[in-house]
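Undergrad: Following the hints, position chain P against chain B.
There are 2 protein chains.
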Amino acid sequence: MQWLTNIPSAADIETAHEAIGPHIHRTPVLTCRAIDALSGAALYFKCENFQKIGAFKMRGASSAALRLSKEQLKRGLATHSSGNHAQAVALSAKQLGVPAHIVMPEGAPVIKRAATAGYGANIYTCANTLEARESTLEEVVEKTGAAFIHPYNDYNVIAGQATCAKELLEDVEGLSALIAPVGGGGLISGTALSAKYFAPGIPVYGAEPERVNDAFRSLQAGSIQANSRIDTIADGLRTNLGDKTFGIMQAELKQILTVSEEEIVSAMRLIWERMKIIIEPSCAVPLAALLRYPEPFQGKRVGIILTGGNVDVEQLPF
Amino acid sequence: MQWLTNIPSAADIETAHEAIGPHIHRTPVLTCRAIDALSGAALYFKCENFQKIGAFKMRGASSAALRLSKEQLKRGLATHSSGNHAQAVALSAKQLGVPAHIVMPEGAPVIKRAATAGYGANIYTCANTLEARESTLEEVVEKTGAAFIHPYNDYNVIAGQATCAKELLEDVEGLSALIAPVGGGGLISGTALSAKYFAPGIPVYGAEPERVNDAFRSLQAGSIQANSRIDTIADGLRTNLGDKTFGIMQAELKQILTVSEEEIVSAMRLIWERMKIIIEPSCAVPLAALLRYPEPFQGKRVGIILTGGNVDVEQLPF
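Taken in order, these protein sequences are the chains called B and P. Here the first sequence is numbered in the numbering used here, starting from 2 and rising by one per residue. Here the second sequence is numbered in the numbering used here, starting from 2 and rising by one per residue.
Keep in mind that the hints are not guaranteed to be accurate.
Repeated chains share a single entry, so a pair holds when one copy, or any two copies, can fit it.
[Claimed, not checked] Calculated cross-link-like contacts (lysine to any residue; reagent style SDA-like; alpha-carbon spacing at most 25 Å):
(1) 255 <-> 176
(2) 255 <-> 118
(3) 113 <-> 123
(4) 95 <-> 275
(5) 113 <-> 318
Think of the hints as simulated: they come from the structure by calculation, not from any bench.
Isolated chain B, as found in the complex (with noise of 0.2 Å):
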C-alpha cells in the first residue's frame, strides 16, 4: 500500500479494510427493542467498544501504520495522545513487531497509561498543554526517526476509521442515514466517505456536545473554530477539526446535531440499562442527538457508531 496523500477513494478504503482485516475485530452489530420504542426509529448500533483496545481508534492507527514502508516501520511509531490513540499506536506496533514511542501528559488516567505500557510502548510524559506534546513529540522523532501517526488528520488514518462504517453498510441493509460523534473528525470524515461510497445519497450527521461545539460552529463559519472551554463528559470529543477532516466535512456531511450534558448522560444510562453493555460518554452523544431531533429518523433504519468503552468504572456519572 502507498502512504495516501489525497482523500481517500473507494479502493483505499478497501485495500485499508483488507489489510487491517487480520488486526481488527469485524465488532458486532446490536439492536435494542426498547430503544427503538423510545426512539421511533429501527438503530443498528457498530459495537466499536468491542474492538481491540476499546475503541474504533484502532482501525485508523492500524491502517496508517501498514501503509508505512517496511524501512520507516523499522524506526517505529510514535504519537501523543492521553487517550484511546495512544493505545492503538502502541498495540499496532506491537502487532508489527516495532517500537511504539508514545508522548503522554502528565495528569493522563493511570489506567490509560498502564494500558498503553501494557503494550510495551515507549511512555516519554510532558506538561499538559498541547505545545509540550508537540515539542516532546518532536524531540522523540528526531531522536528515534519513527514514524508520527497523526491522531485524526491524516488520510491514511481516515481511510482506517472509514472502514467501520463501511461495515456496517455491509452487514444491515437499508440504512436511511449514519450518526457518528465529531472530536478532531477522523470518524466522522470516514463515515462520510464510507457512506457517499458505498451506499450514494445516505445522509450522515456528526453529533457534537453543545458545550465543545468547534465542528457546528467550524461548517457555520466556513473555517476551523476553537473550543473556548472542555468541560464536557464527553472527553473523547474535546479536540478541534484539522484541516483535513474540516475539508471532508464540508463536502459531505449532512449537518452537525448538537446536545446538551445531561442528554449525553440520560442517552449513555440508557444504553448501559437496556443494552448492558459498557459505553464510553463520547458514545452517548448519536443516541442523545437522534433522541432531542427525532424527526428525520422517524420510522427510519439508522446506523450508529458506539466508538469505545474505555471508561473509569471508579467515576461514573450516575
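TA: Showing chain P alone in chain B's frame:
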C-alpha cells in the same frame, strides 16, 4: 407439552427448548483474550445478560407457562419475587396474553417494580418476610385461580433453565467443564442435566459466595441447609435450595466452589472493564471461582454462564 412431575429427561429439555424458542433470545457466546491469559483457560461466556428481561429467568418462566393447559393459562400466572423472576413471569404472561399477578415485598428496588409493572403485571405489595410473601401469594392464587410459577423448585422451570447450557454446548465444541452460580439451584440443576444428556462426562461446578454457602454445606451434610446471613453483594444467590433442585445437584454436580466478596467484585470489574458488558454481581461468581481455584481448568475450554445484567448503576461496588 405435559406438565412435568419428574426430573426432566433429554427429550423434555429438547421439547422445552423448541417451545420457548420464539419467546427468548438465543444469546451470544463471548470470549476475551485478556481474561483467558489471566485464567490460563479458554473461557466461553454464555451471555444471559442479553436475554429478554436481562436474565436467564426468562427461560424457566416461559418453559413453565407453556406447559400449562389452556384452561389454566387463561387464569394467568402468579409468583412472588423481588427480582428477575418477577419480570420473567410478567413478560411471559404478556407474551401469552394472560394476566400476571406478582407479589413483591416492600422495599423491592423501585426500578424492578417499575419494570414488572411495565409488562402490565398486577403487583401486590407485602411485608418483607418469606411468610408474608407466601401467604399473600396464596390469597392471590385463591382469588384469581392463577398458576403459581416457582422461581426454581419446579421441574418445568428447571427444564427451561437447562436450555441455556444446551445452547452453550451446541455453540462451542470441546468444552471440558461448565460453571454456573448457585442461588435456589434452578440454573445449576438444569445445567447439570444438560451436561449429562448432551455432553456426557463433562463436570459441572456450582459457584457460590462464601457468605451464603448454603449449597456447599447442603451437599456436605446431605440435607438442605439454610443461610444464617445474607449480606452478600451477589443478591441473586441468597436463596436456599429446594428439594427438587437439591436432588438433582446431589446426583449430578461435581463440586461447589466458594469465593469471597472481594473476589466477586474483582471478577465483576474484570468483566466490565475487559469485556465491556454489564453483568450483575451474581454473574461474576463463576469467574471468581475459576480464578481462585484455577487448577482443574488449566489449558481447558470452560463454559461459564453469565446469568444476568440487571444492576442498579447508581449502586455499584466500585
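Undergrad: None of the hints should be skipped; say for each whether it holds.
TA: Taking the hints in turn, this is what the structure says about them:
no.	hint	in the structure
1	255 <-> 176	within (15 Å within a copy, 50 Å between copies)
2	255 <-> 118	neither (40 Å within a copy, 41 Å between copies)
3	113 <-> 123	within (13 Å within a copy, 48 Å between copies)
4	95 <-> 275	between (36 Å within a copy, 19 Å between copies)
5	113 <-> 318	both (19 Å within a copy, 21 Å between copies)
In summary, the structure is inconsistent with hint 2 from the numbered list given earlier, while agreeing with all the others.
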